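Trainee: Okay, here's what each chain looks like letter by letter:
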Amino acid sequence: MSELRYIGKETPRPEGPDKAAGKALYIHDLVVPGMLYGKIKFSAHAHARITHIDISKAEKLPGVRAVITAYNTPEVRIGFLRDNLALKKGMVRQFRDEVAAVAAIDPDIAAEALDLIRVEYEPLPGVFTPEEALKPGAPLVHETDPSGKPRKDNLLPLTYHHESGDLQAGMKAAAFTAEGEFSTPTVQQCCMGTAGCIAELDLHGNLTIWAKTQIPFLAQRDFIQMLAEIGLKGRNARVVVPTLGGGFGSGLDTHAYEYIAILLAWRTGRPVKIVYTRDEEFECLSPRQSASTRIMQGCDRNGRLTFRKIDVLQDNGAYTSWGATFPTVMMLPSTSLYKVPNVYFDAQLVYTNNTYCQAMRGYGNPEVNLAIESNLDELADKAGIDPLDIRRINCNEPGETTPMGLKVTTCGLRECIETVAQKLDWAAKRKQGKRRGVGMASLFHVGGGGRIYRSDATGLILKLDDYGNVNACYGGVEMGQGMHSVLSLAVAEALGVKPGKVFVNPTDTSTCPWDVGTHASRGAFMACNAAIRAGKKLRDRIFEHAEVLYPEIVSKNIKAATKKDPGFKVPDIDFVKLAKKENFDLVDGFLFPKNAPLHPVLKVELGAMLRAIHFRNDGEMLSTEVTYDPPNELPDFTKGKGNMSTTYAYGTQGAEVEVDTDTGEVRILKFVAAHDVGKVLNPQTLKGQMYGALAQGFGYTFTEEVLSKNGKMQNTNFRDYKIPTVHEMSFPIELEFVETNDGIGPFGAKGVGEPGLVPTAPAIANAIYNAVGVRIRHLPITPEKILAALKEKKGRS
Amino acid sequence: MKTELRFYVNDHEVMVSVESHARLLDVLRGPLGLTGTKEGCGEGECGACTVIVDGRAVNACLFPALEAEGRKVVTIEGLQKSATELGILQQAFVDAGAIQCGFCTPGMILSSKALLDASPDPTDVEIREALLGNLCRCTGYVQILDAVRRAAESLRKIP
Chain A
1 MSELRYIGKE
11 TPRPEGPDKA
21 AGKALYIHDL
31 VVPGMLYGKI
41 KFSAHAHARI
51 THIDISKAEK
61 LPGVRAVITA
71 YNTPEVRIGF
81 LRDNLALKKG
91 MVRQFRDEVA
101 AVAAIDPDIA
111 AEALDLIRVE
121 YEPLPGVFTP
131 EEALKPGAPL
141 VHETDPSGKP
151 RKDNLLPLTY
161 HHESGDLQAG
171 MKAAAFTAEG
181 EFSTPTVQQC
191 CMGTAGCIAE
201 LDLHGNLTIW
211 AKTQIPFLAQ
221 RDFIQMLAEI
231 GLKGRNARVV
241 VPTLGGGFGS
251 GLDTHAYEYI
261 AILLAWRTGR
271 PVKIVYTRDE
281 EFECLSPRQS
291 ASTRIMQGCD
301 RNGRLTFRKI
311 DVLQDNGAYT
321 SWGATFPTVM
331 MLPSTSLYKV
341 PNVYFDAQLV
351 YTNNTYCQAM
361 RGYGNPEVNL
371 AIESNLDELA
381 DKAGIDPLDI
391 RRINCNEPGE
401 TTPMGLKVTT
411 CGLRECIETV
421 AQKLDWAAKR
431 KQGKRRGVGM
441 ASLFHVGGGG
451 RIYRSDATGL
461 ILKLDDYGNV
471 NACYGGVEMG
481 QGMHSVLSLA
491 VAEALGVKPG
501 KVFVNPTDTS
511 TCPWDVGTHA
521 SRGAFMACNA
531 AIRAGKKLRD
541 RIFEHAEVLY
551 PEIVSKNIKA
561 ATKKDPGFKV
571 PDIDFVKLAK
581 KENFDLVDGF
591 LFPKNAPLHP
601 VLKVELGAML
611 RAIHFRNDGE
621 MLSTEVTYDP
631 PNELPDFTKG
641 KGNMSTTYAY
651 GTQGAEVEVD
661 TDTGEVRILK
671 FVAAHDVGKV
681 LNPQTLKGQM
691 YGALAQGFGY
701 TFTEEVLSKN
711 GKMQNTNFRD
721 YKIPTVHEMS
731 FPIELEFVET
741 NDGIGPFGAK
751 GVGEPGLVPT
761 APAIANAIYN
771 AVGVRIRHLP
781 ITPEKILAAL
791 KEKKGRS
Chain B
798 MKTELRFYVN
808 DHEVMVSVES
818 HARLLDVLRG
828 PLGLTGTKEG
838 CGEGECGACT
848 VIVDGRAVNA
858 CLFPALEAEG
868 RKVVTIEGLQ
878 KSATELGILQ
888 QAFVDAGAIQ
898 CGFCTPGMIL
908 SSKALLDASP
918 DPTDVEIREA
928 LLGNLCRCTG
938 YVQILDAVRR
948 AAESLRKIP
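Quick note, the sequences are listed as chains A and B, same order. Going by our numbering, the first residue of the first sequence is number 1, and it counts up by one from there. Going by our numbering, the first residue of the second sequence is number 798, and it counts up by one from there.
These aren't lab readings, by the way, just hints derived from the structure by calculation. Treat the hints with care, since some could be wrong.
To be verified - If you only want the chain A side, here are some residues facing chain B, beta carbon under 10 Å, derived:
{"id": "1", "residue": "18"}
{"id": "2", "residue": "479"}
{"id": "3", "residue": "480"}
As the list claims (entries may be wrong) - Per label pair, the in silico range of CB-to-CB distance:
{"id": "4", "chain 1": "A", "residue 1": "75", "chain 2": "B", "residue 2": "861", "range": "44 to 52 Å"}
{"id": "5", "chain 1": "A", "residue 1": "54", "chain 2": "B", "residue 2": "830", "range": "38 to 46 Å"}
{"id": "6", "chain 1": "A", "residue 1": "620", "chain 2": "B", "residue 2": "946", "range": "45 to 53 Å"}
Bear in mind the structure is a predicted one, so any value in this text is a computation, not a measurement. Idealized CB from N, CA, C, for every residue including glycine.
Using the sequences and the accompanying hints, generate a full structural model.
Mentor: Next up, the structure:
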C-alpha cells in the first residue's frame, strides 16, 4: 500500500449532494404510518416531593391516545449508576425531570394535553453548587442509592485517582511553583438538529427505534434491558440511525425521552415520535459538565517540570450519565501532557439539583487543559522562562511511557509547537506591546481508540455484488464529521476499487456489526483499520479464485475482441502462467497480473470476476466481516493506570490578540492550529473537523455558558446562549497538519475529531495575559471579566 | 378555521388549505412534503428554515403561511437542476467541503442565493452579512464562505 490513490486527496463527501439538495432525512423528517406524537411534562421544581398527579382531564381530551406517569407504568431505571428513572416517582430532583407524558394524534393536541395534567408538589430545599452540596447537613439530592441504602452525602460513589512518582520529592525539587484555580462552565452541544426518536413495537414485542444516537449498539443493550423491565424479556431492540443533525457527544447515552417514547408505543400499540423543540433541547438535554480545577505545578531552575498536582470538582447534576466519567479523560493530559515525573490527580463528582450532564467533544480534556496550560504560563513567568521555551524543555517524545502508563508511539508535539511559534512570529510578537500579545497551548488526547468499555471494537462487513459494488455495513455513526467519506476512501484504497463504488449502509443494528460508539475521536481510526483488514481478506479471496477464472475470462475477452476485429493483435503473453494469486493486483476495480503489460484485454473488470465467481457450480458470493479491537488497555481509573489508547494525538494552538482596555473586548488578529494527525485521510473533511472544533473552542472561550438560577436554566435560546456566528469567526485561521505516520494508525492516521477545541481557550487566555497582563481563570472570558481584572491589576500597582 | 392559500413554490402554482395560524414552514414541510426546509429553533434565530420569498431570504418559521398568497417561494428543492445534477450553489457547497451534518445547509444555500441573485460579485463582508442569521455548529463557516465565493465566480462566468 505504498502508493495511495485516494487517501490524502481532497475529496468531497459522498453524502454531500443529498444534503445540499435537502434530501437527507433527519429524525424530524421521518414519518411512520399511524404515528402518534409524544410530548413530555417536565418538573416545575428543582427539588420537590410529588404529592399528587391528576391526568384525568388530559386523558379525556379528544385526540389523546395515552397519558403515562410513573404511577401507571412499570419502573424504568436508566443511567450507568441506575440512579435515574425514565418517569419520576415520588420525587423530582431537577427542573427537567419527566413527570408525565402524552401521546396524541398531533403535536398541538399533545401540548394541550400536557397543560391539563395537574401535578402537586411539596417543594424541598435544593443544592445548586458542588460547594453547597458538600457542606455538612446539606439537603441530599438522593436520600438512598438505587438499592435503597441510605446515603450520607452528595458525593458520587466514583473514584478517579492517580499518583505516580513522589509528589513531596517533586515539590521539594521545584525551584519555582505556580498554583491556581480554574473553572469551565456548563455548555450545550447545540446540534442544529434537535434530539428525537420514533419508537415502534411489532406484535412480538420487538422494538424498532429510529434514534439520534452515537451509540447504536450500547443503546440496543439499554433498550433490550428496558424491554425486559416492562415484561418483554428476550425481545430485540433494533436501533436505526437516521441522518444526524450534529452529535458532539449529545448522543453518547440513551435518554429518558427515548424510554418514554417506547413506553408510549407500548401503551398505545402505535409508533410514537418525540422530537425536542429548541427550548427543550437547551433545557432538557444533558449538557457538558462544568468543572473547577485546582492546579499546582513546579519546575527546577532549568525549567524542567518536577511535579503536577490537580484536584477537580465537578457538578454532576441530579443524575449520572457520562459527564460523570470526564475524569477518565482528564487523567490523560494531567499525567501525560509534557514530561512530568511526579503527578497527583483526583476528581470528585457531586450531586446537585442542577441539570444532569453528559458528554461533549473533548470529554473533560478542555476543562483541565485550561488549568494545565494557563498555569504553565504562570510557572514560566515565575521562573523567568519564555512560555515557548518551557514547552520546548518539557516536550513529549516518541517512545516515552507516561506516568499513567500511556505508551507514546509517534509524537509530533515538538513540530506543532515550533510551527505555531514560527507562524505567530513568536519572539517579536511577545514584546510588541500596544495591548497586543501572543499565547499558545498544547494538547494531548487519545488518537488510537479509547478503551472505556470491555470492548473497544469496531466491526465492518464488506459485501460485494455482481457489479463490483461494495456495500460497507458499519455500525458507527456519520454525524457530519466525515465518517462515510474516510471510510469509503479507506475501503476503496484497501480493496482496489473507485470510491464511488463504495456504498456505506445506513447504520442499523440489524444489518451492521457491533461498534462501541462514535466517540473518543475513534471513528476514522477504527473503521479505516477495519477497512484495511477487510480489503485484504477480500483481495486474497478474489485472487485465489482468479487463478482459475482469470485465464477463462481473458480467453473469452480475446475471443470476443478477435470476433469484433479480425485484425485484433493478441498480446504475446502467457497469462495462464501469470495467473498466480501472488501476481494479481486490483486497482480502480480492474484485476490484472502485476508484471504483465498494461493491455486492456488483460484487465478484468471486478464485476465480471465476481460474476464468474458467483455463477458457476459451487459458486460463491463474496463478503467478509472484520472485527477490529485495538491492542489498548482498559485503565484502572481508581489508580489512573493503563494504556487507554494505541496512539495519542498532539497539537498546539496559538493566538495573536488585541485587547481593548476600555471595553474589555478581545480581537483575534491571527489564529494558528498545528496538529499531529498522523496522516491526512481527506484534507477537506479534516479541515472541516478542525475549523468546526475551533469555532466550538471560541464559543467556549468567549460566549458560551448555561446560565442557571436555583437550578432553572435562564438562556434556552440562541439569542441568550451565544454560539459563534459567521461574524465572530471572521479572523484568519492557519491550519497546519503534522504527519507522523503512526505505525498502528490506518495509513498512518490518528483520531482527530476532538483535539481541535481542546487548547483553544488557554491559547487565547495566555495571549490576553501577554497583551495586557491579566489572567482570566474562569471561562467564558467576557469583556466584564477582563475589565474587572484590569481594574484589580491597576488597584494593585 | 382553514383558508385556501394559493402561491408559487419553485415555479409551480400550489393550492393548499391551511390553518390561519400556520407558518410557511408548516405548509412546506407538511402538506407540500418539502422537508428540505429544516426547523432548527422555531424562533427565527438559527436560519435553518430560510427560504426565498419574492427574492428575499426569510425565516419560514416566522413567516405566516397566509402571507405567501400569490408570492413566489423558492426552497432548496427548487435549486436542483435535474434528478442527478445540483444547482451551482449547491454543487459549490459540496465541492468546497461546506457541508458537515447538513442540517443548516439548505438555509445557508438559500441565504447565499438571495445574496448572489442581488449582488453577483459580493465582498467578503457582504457574504458574512448575508449569512449572519444562519447558524452552523459543525463547520466554523470557513468552507461555507469559500463555497459562496466559488459559486459567485462560477455564476459570473455564465453569460
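Trainee: For each hint, tell me whether it holds in the structure or not.
Mentor: To see whether the hints hold, each was checked on the structure:
1. 18: For residue 18(A), the interface hint holds, since the closest Cβ of chain B sits about 8 Å away, which is under 10 Å.
2. 479: Hint on residue 479(A): holds, closest Cβ of chain B at ~6 Å, below 10 Å.
3. 480: holds, 3 Å
4. 75(A) to 861(B): 44 to 52 Å: Holds, since residue 75(A) and residue 861(B) (Cβ atoms, about 45 Å apart) stay within the stated range.
5. 54(A) to 830(B): 38 to 46 Å: At 40 Å between Cβs, range holds.
6. 620(A) to 946(B): 45 to 53 Å: holds, 51 Å
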